[in-house]
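Colleague: The residues making up each chain are set out below.
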Amino acid sequence: MSQAAQIGPWPPVTVIVLNWNGSAYLPDCLRALQALDYPDYRLLVVDNASTDGSVALLQREFGEVELLCNPDNRGFAAGNNSGLRSMKTEFAVLVNPDVVVPTGWLKALLQPMIADERIGIAGGKLRYPDGSLQFAGGEIHPPQAFPSHAGLAERDAGQYDELRDVTYVVGAGMALRAAMLEQIGLLDEGYFLYYEDADLCVRARRAGFRVVYVPQAAAVHLESSATDRRSDFYWRQMFTSRWRFLLKHETAATLLNETLPAEEAWVQSLAPQQRAAAAYAYYQTLRRLPDIWPARVRHGLDAPAAEQQETIERGLVRLRALAWQPAKSNAEQLAGRATVEEQPFRSRLWLIGGLIAWFRERWADVATRWYVRPMLAQQNEFNRQLVARLQEQLARLQAQEQAQAEQIAELAELRAQLQEAERRLQELEARHAGRQGSP
Amino acid sequence: MCKANEREPALPDDWLWQAAETAEPTFSSRAPVVGRLLAALRDGWSRIADRPYVRPLRRQQNELNRLILQQMAEIDAWLLTQDREKVALRRETAQLANRARALSRRLERAGERD
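Chains R and X, in that order, give the protein sequences. Residue 382 in the numbering used here sits at position 382 of the first sequence; the count goes up by one each step and never skips. Convert by adding 1000 to the 1-based position in the second sequence; the result is the number in the numbering used here.
Worth double-checking, as some hints may not be accurate.
Restraint ranges, calculated between C-beta atoms of paired labels, are given here [to be verified]: (1) X:D1076 - R:R431: 53 to 59 Å; (2) X:E1021 - R:D302: 54 to 60 Å; (3) R:Q385 - X:E1021: 46 to 52 Å.
Simulated from the structure, these hints should not be mistaken for laboratory data. In this text, a Cβ means the ideal position worked out from N, Cα and C, and glycines have one as well.
Same shape as in the complex, but just chain R (with noise of 0.2 Å):
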């Protein structure tokens, strides 16, 4: 008898399908996740606003599968939490619509929670649809956060089938104990996209919850089939997301010793798709820094000194200057190289190199130049007007970021006089409602 078969009763859960125009992949998501064998589970769609008839086939083809539709997208935290917040189970299982489970998937990773209260997350096991490993664990490496999974694009060659402690499981199939959930929250809804998994993982550590890798529950993963990988989306969801893991679970130390150090070196070393997508991030990241601090608090940790926070934030502003800095550096080479000059002949042959230097001279003087230098005075007039506008519209560009960096600073200022008076207009409420309660 398996160890699987040996568990029961089998507690109840909920299942937990988050879409966001995935109707490609919800029917295999869905039939399969019908044939678990598991006894006991409730099946809930979360529609997240698709504008791709995920919402109509649901309803045609899927009639008897829970559906809640949320009015907009919401992003993966917020999508997910809508559901958690409706479970009534002492587990919850988040997959993505485009995973397909075998049948005996759930048993395998729910059979160690159930064995083991410590354990409050678990991941299983991920593979591309050709078979290779896509996920058997999951590290988050600082100072910057990046992550890994082990065995990526690996063969499968029982290499991972050990069950293990890790620092995080991927939110596509991920099992979470309710009474975990109790004690130390839901997803972060400040993430819309990524990391709002290794978040979770990192706080139910903290609160001392195990997190483990179930290799006996292994999956095919379409991996991100709602986000092209190379698209300017994705990256600037991973860098935005990374850097709010960032500042809310590293400590103040790190950060600014090896954090924004190394963040510096690597900003200045991407390509410039990559790198205008991490400028995007720390803009983001700086706009709503007065919401990430206290996430950093409610989630565990001291927040840094008022001086520390200043100087990451003025770290921030600094790595943003950093992402356009090759802009800079291009238009000061531009302007050196905008005329293109004719080059004295050189011959290194002892002795005549010289004379055939003269020679050769004299020779373009009559053979070549009279034809050539016209054609290259135009080019060199085009190359100054073109370099010109180029210089104008940096000009212009560093204008708009210089403008745009004003209004972030009053926005933040209004909207930090905002909070004040509606913390203010709070408490007078309050002694309102006091005062006419009492006789």
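Using the hints provided, position chain X relative to the given structure of chain R.
Modeller: Relative to the frame of chain R, chain X by itself:
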């Protein structure tokens, strides 16, 4: 050839990067029998007469072309980012305006109660 009121379609980036590196033409001749000899003579003559003068100019222009394309890529990326940020700023401004209006209504209600 394009008519005056037709716009040429934008060139793909790959083409631009390839075109940035100008290539020297190779001489050829379709003359029967002596064609290859003519082409060889032309090539030899060009080595002595033209290339030493033109090649350095070509190298400089190719370098400038590459720098220009790099700079255009940087400006493209920067413009795109600024566009995204403007959208985010507009959204935040609208949210703050909503909060201010809600605050104003609460203040009015509080004033009425007093």
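Colleague: For each hint, tell me whether it holds in the structure or not.
Modeller: Do the hints match the structure? See the list:
1. Taking 53 to 59 Å as the suggested C-beta distance range, the pair D1076 of chain X and R431 of chain R conforms, at roughly 56 Å.
2. Taking the beta carbon of each, E1021 of chain X and D302 of chain R are about 56 Å apart, inside 54 to 60 Å as hinted.
3. Here the CB-CB span from Q385 of chain R to E1021 of chain X is close to 22 Å, at odds with the stated 46 to 52 Å.
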